[in-house]
Amino acid sequence: MANFGDHLRELGALDRLASMDTPIHRLDPRAKVLATLLFILMVASFGRYEVSGLLPFALFPVILGTLGEVPWGLVGKRVLMVLPFALVLGILNPFLDRSQVAFGSWTLSAGWLSFASILLRFALCVGASVILIATTSMDGVCMALERLGLPRVFTLQIALLYRYVFVLLEETLRITRARELRANGRPLLLSEYGSLAGSLFLRTWERARRVHVAMLSRGFEGEFHGASPPHFRSKDAAFLMGWGAVLVVLRLVNLPHLLESLLKGVAS
Amino acid sequence: MHMADALLSPAVGATMWVLSGATLGRSATRVRKTLDEGRLPLMGVLGAFVFAVQMLNFAIPGTGSSGHLAGTLFLALLLGPHGAFLTVSSVLVVQALFFADGGLLALGCNLFNMGFFPAFVAYPLIVRPLLAGAPGQGRRALGIILGAVIGLQLGAFGVVLETILSGRTALPFKAFLYAMQPIHLAIGLVEGLATLALVAFLARTRPELLETQSRGRSAWKGALVVAVMALVAGGCFSWFASTRPDGLEWALAKVGQQEIEAPEQSLHGRIAHAQARTALMPDYAFKGGGESRGATSLAGVGGGVLTLLIVGGVGIALRPRRKMA
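Protein chains in written order, with the numbering used here: chain A, 1 to 268; chain B, 1001 to 1325.
It should be emphasised that the hints constitute simulated quantities derived from the structure, not laboratory data.
Since the model is a prediction, treat every value here as computed from it, not as a measurement.
Built from N, CA and C at the ideal position, the CB exists for glycine as well.
Be aware that one or more of the hints could be misleading.
[Said to hold, decoys possible] Selected chain A positions facing chain B (Cβ under 10 Å, derived; list incomplete):
#, residue
1, Ser19
2, Gly65
3, Leu120
4, Asp139
5, Thr176
6, Arg177
7, Ala178
8, Leu181
9, Leu188
10, Asp236
11, Ala238
12, Leu240
13, Met241
14, Gly244
15, Val249
[Stated by the list, open to error] Pairwise CB distance ranges (calculated):
#, chain 1, residue 1, chain 2, residue 2, range
16, A, Phe95, B, Leu1161, 18 to 24 Å
17, B, Val1018, A, Gly265, 28 to 34 Å
18, A, Met20, B, Gly1136, 54 to 60 Å
19, A, Phe95, B, Lys1033, 51 to 57 Å
20, A, Gly219, B, Leu1309, 54 to 60 Å
21, A, Gly149, B, Gly1313, 25 to 31 Å
22, B, Leu1019, A, Met20, 52 to 58 Å
23, B, Lys1033, A, Arg233, 36 to 42 Å
24, A, Met215, B, Arg1026, 39 to 45 Å
25, B, Arg1026, A, Trp106, 44 to 50 Å
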């Protein structure tokens, strides 16, 4: 149940963050969605042993998160939440992939490299996604997806789901709380689950019907009319192209290696 | 069983995006035709219901663990396959964005594994024929549990294939398969039982909600044959591996003897070849090229530290200062 409340609170926190007003928030959602997609694509395109080449990619979430004033605690929490999954899938690499890698006078099994690579990928991809949603409203994301060619029925479905998810989570929280107060610590059994989830469903269904009738009576014909359809300004294009160029360059040029050779050049 | 960005190669991620995108487009067209658009709010609220009910855990007796409903099959029973796919997809998109479950690149994989298989394979081939006519309690239970198990087995197999084809982990195909399929056999049973509990409740209280789906010819014997064949073909890994104490451990012991390596290598070699041709970035490092790649990667530790310092510096420099005002 704590889990439930946590989820609700975090959804709310992200929703509030998305309504802030920073240079990143003001960008067109399409530019942010596309830049984030390109970022993830570039990160994913690295070979399995790549570690150093991935490091400069931290620039993208760091800059967007800082300018968008996303609290780093929130990003860190999200990354930590998916970390167990990354650990489970990566931890066997050092044992399975035993080819040795020379590292100065040390040798290391190559599996450790691919393990570190997986952890880095997780952190980068999760970080970028969280920052995207913390700087872009859900309606904005839906608009972006629709303009990028997804069927309107689907983007509408996402928008509607998002509108009702808060209400329904609260409803579920009430139902589970009521059960827990009566159950005296007894866990929820499958035999009772049917009627619990079932009554949640029936309440949902009734609510959906009321909502449907209310929307129809207000002239709903399968479309939301946004207050101001945003324009893709030159600022947005510059953001997208600028990041596109930076990400491609970072993908092609290994910055840490470059810096390393610079360091050596200075030392000698 | 969310597939994650970090485990995917762009080629696999993009392929699955195309597949899921096509399914989504088709589903949207069908839904628009069959369900008038005014009914969309219903689907939206149902999506929110699935989102909420996924967090409602119940105890699994004798294990000390708990399970929850994923809901695709339940949605298929209410909305049909197209509506169910659309609704589950919207749930997965919101989860990917808000809870970083999976991720944007992995969205295509996740829609396919958790939406396509249950809604377009398990439901029409297994569940619908078995529930056609007026099913008794036994047949209904059989249909729903079988459908849930097969849907999840296929989904888990999808995760294994996508992970191996991407080549980001060193997990051998067989070991991963032996770990995933039995786990998802259990998850499938739980999913089936939970769906059944919900459907049984609705059949008692509001049978008319489910009636729309029980029309059609009763072809349940044919469906049973299909189901058994699918179980034998796809699920035999589960039965086989679940007789071992721990599929993954057992498989790892075998890997130690280098027995699995050989076929895996050749599979990998072929995939690497195919991927090198289709990939966005040609310079992939795969198993064979690991050493030199790894060596160059580690040599740059000094440079790496410097990079992180620069990134951190940029972050600090950009920090907004208006809190002073």
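Hints the structure violates: just list their numbers, smallest first.
1, 4, 6, 7, 8, 10, 11, 12, 13, 14, 15, 17, 21, 22, 24, 25
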